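Q: Chains as they are written, first to last, in this note's numbering: chain A, 1 to 286; chain B, 1 to 92; chain C, 1 to 381.
Incorrect hints may have been included.
As the list claims (entries may be wrong) - The calculated DSS-like cross-link candidates involving lysine-lysine, where the alpha carbons are at most 30 angstroms apart (straight line), are: (1) C:K191 with C:K41; (2) A:K157 with A:K264; (3) A:K10 with B:K74; (4) C:K191 with A:K91; (5) A:K6 with B:K64; (6) A:K215 with B:K74; (7) B:K38 with A:K10; (8) B:K38 with A:K215; (9) A:K258 with B:K74.
As the list claims (entries may be wrong) - Chain A is nowhere near these chain B residues, computed Cβ spacing over 10 angstroms in every case: (10) A24; (11) V32; (12) I33; (13) T34; (14) E60; (15) V61; (16) E77; (17) G78; (18) P83; (19) T86.
Worth flagging that the hints you see were computed from the coordinates, not collected in a lab.
Because the structure is a prediction, the values reported are computed rather than measured.
Note that CB positions come from ideal geometry on N, CA and C, so glycine has one too.
If you want the building blocks of each chain, they are given just below.
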Amino acid sequence: MTIDFKNLPKQELFGQGNVGCKGCGAAIAGRQAMKVLGERTIITIPASCMATLGGNNTKTTWKTPFYHTLFECAPAISSGVRAALEIQGIKDVNVVSWGGDAGSADIGFQSLTGAAERQEHIIHVLYDNEMYMNTGGQTGSQTPLYAITSNGALGKKVHKKNMLAIMEAHGIDYVASANIAYPEDLMNKFKKAASKKGFSYIHILAPCHRGWGIKPEETIEVARKAVECGMWELFEVDEGKRTRTYEPSFIPVADYLKAQGRFKNLTAEQTAELQKSVNKYYGKGE
Amino acid sequence: MAVKNLPIVPSGDPGALVEAANYATWRIFRPVITESAKVNPIVTLYCPDGAITVDESGAEVNYKLCKGCGICAKESEGIQMVPEYTGPKGVF
Amino acid sequence: MNKVLITGSEAAALGAKLAKIEVLGYYPITPAFPAMERLSKYIEDGELNCKFIRVESDHSALASVLGGSLAGARSYTVTNSQGLLLMTEVVYHAAGLRQPIVMGVANRALSAPHSRFPEHGDAVSQGATGWIQLFSENNQDVLDNTIQAFRVAEELRTPVMVNYEGYLQSHTLEEVFVPDQGKVDAFLPLKRMPALDVTNPRGVNTVAGPDVYTDYKYIQNAAMEQALELIPKVAADYNREFGANSCGLIEGYMMDDAEHAIVAMGSIVGTARLLVDELRKQGKKIGLVKVKTWRPFPAQAVNQILKNVKYVTVLDKNIVFGVGGALATDIKANLYGQGSMVINGAILGLGGGKCGVKEIKEAVDHTESSENKNRSEWIGL
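With the rest of the complex left out, here is chain A (with noise of 0.2 angstroms):
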């Protein structure tokens, strides 16, 4: 499928007059996906930037039904929704739960591995800025080896959790990377999720240029260099069938790397086994 970016829905469901920060990667990924899930949506969004920006008061810069949920359990919120569609004969809503990575990987997991085994008719889209960037930038589990955060000055010392495998490791219908640099293969992904009848997971890169060291305009060209670089695969896991759905051109990992003021204290022999491990995965060899 391609998206013919001339001809998109004009209607904006969500981002306009939206209060993040200017360059938000989150406010991006949002816009890109609504605009395939359109406005028979009911989002649940837990305790997030995402759940913030959307307004305050009665004011909202969304155009669906928009729940800021709890912290832990979006994906519970959502189960319940659904079945309450169900229940009154309502068949064409999608219905998504939109975490951060904490709300998704860290204090929602539970809720988010509990409605991915009962295979419930839901998307769950973690948008992954790889720290709390609500709380103003901590470390958590989705940090990856080696950056810098608020409460950690030296550096992450353990590995990103690897949430996608862990996602498919549930059977569930559909789970996929995507990248907010790369609409098109974003767009075509909530196109397929949007279809299946159980639970689909997305997993967008979406950086945070406060939490990460970039400027606000780099936020697409560094989400694009993650991509390229290999670091951030593009793939989709559709009912068991794994593909990459993007080939990247392996920039160095360092171009990616040294763009961010998070890996600044980078080592040369960090820097380089970090290359290592992303020729290894991609069959380069060392």
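Using the hints, position chains B and C against chain A.
A: The following block gives chains B and C in isolation, referenced to the frame of chain A:
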């Protein structure tokens, strides 16, 4: 003192922020369309704020919504970031 | 109306079934689980058209039910003790979002030390959450309260807990009159009020600033105050429709000329009734006040019924550490400046501890004889 008239379920009106928004004061630079024909329509999906449109009639920026992040100018030809303030230096 | 011999768990499940719940989220916990098992069976047997969400935790249980309610379905769950504590965050949240959820709570003592036995500590821990809390003296109350709870919850858009004690009620058989389904349908017309609705989109739970948060809480509290008027009306309607004898906020027993009043809630009310009968035979002017509605606290009704007594013995199967029993504390606070009666609280029956006629008698004697007035006495140590 009277209690404010609020919805029973604490909630906001859909899209009300779109009308209320005015991000002019957030900007240090503003994107200016220099060559409309060269603007890559993909920037409409790279803009976090839905502030830029590209269609048959050309590219256009909504300056109430634009926060001046500069992604569009970085990702496409035909757009330039220009300073919002061009007066004497040292004022701020 | 037919008569059946059922446990409190079955009464809770039957009440929810008669109310035609549509979304059930539940995580197993002792002693609440038989209610869930019975409801799942109703669903599997095709007797109840309801979606059962087999969640992975108590927190998600109430969250899933909250999602169901927000999307317009009549929603129900059951839990107790540790499950209720794990849910607490969602308990507050659901009340703030004004969702008419009904939750059965098979009251059980809280850890530590670990206990599986009945006590009101779990319900009392939720006393500030903004949920209406009803207590049940017997299994008939469990069923009646569950049906009435949906009517109250939906009219006030405020969630309701129906408390019944673990084992003493959840696992004990009693005769229960079951109302006819047709009449329950008429008593509980379904009015959907979805907050999450694609035809009327709202941004639910947007961040509230200091300029509106107080107002939201004022409005929420006003609904709780309205409950004090609505609950007796709903009970009266229920009694008229079903020929039942269900209590509203509170109910007096032998209170007309009483000089000493026992005040209690839950299963111990039934035990206290036996003591009152016994002491009345001996000529003692003693009565009993059953508190069915603990939240909101029926201050006026309690003050009215206690205004002429000399002694009040409040039985609390809970302890608020450093303060005393929760019910006694509420009663003392609300009677402040309204009389010179002695009000003694008795802490008894914690974690399944003894709370029979003998222990209640001890508490009553204590109130009349002790030098230590207006304090909490621990009974049965």
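Q: Run every hint past the structure and note whether it holds.
A: Hints versus structure:
1. C:K191 with C:K41: holds (26 angstroms)
2. A:K157 with A:K264: holds (15 angstroms)
3. A:K10 with B:K74: holds (23 angstroms)
4. C:K191 with A:K91: Holds: K191 (chain C) and K91 (chain A) sit about 20 angstroms apart, inside 30 angstroms.
5. A:K6 with B:K64: holds (23 angstroms)
6. A:K215 with B:K74: Holds, because 11 angstroms separates the two Cα atoms, which is no more than 30 angstroms.
7. B:K38 with A:K10: holds (20 angstroms)
8. B:K38 with A:K215: Holds. K38 (chain B) to K215 (chain A) sits at ~24 angstroms (cutoff 30 angstroms).
9. A:K258 with B:K74: holds (19 angstroms)
10. A24: holds (12 angstroms)
11. V32: Fine: 15 angstroms to the nearest Cβ keeps V32 (chain B) off the interface.
12. I33: holds (16 angstroms)
13. T34: Consistent with the label, T34 (chain B) stays out of reach of chain A, its closest Cβ about 16 angstroms off (over 10 angstroms).
14. E60: Given that every Cβ of chain A is farther than 10 angstroms from that of E60 (chain B), nearest at about 13 angstroms, it holds.
15. V61: V61 (chain B) is indeed farther than 10 angstroms from all Cβ atoms of chain A, at 13 angstroms.
16. E77: About 15 angstroms separates E77 (chain B) from the closest Cβ of chain A, which puts it past 10 angstroms; holds.
17. G78: Its Cβ never comes within 10 angstroms of chain A, the nearest being 15 angstroms, so this holds.
18. P83: holds (14 angstroms)
19. T86: Holds, because the least Cβ-Cβ distance between T86 (chain B) and chain A comes to about 20 angstroms, which exceeds 10 angstroms.
This entry satisfies every hint, going by the numbered hints stated previously.
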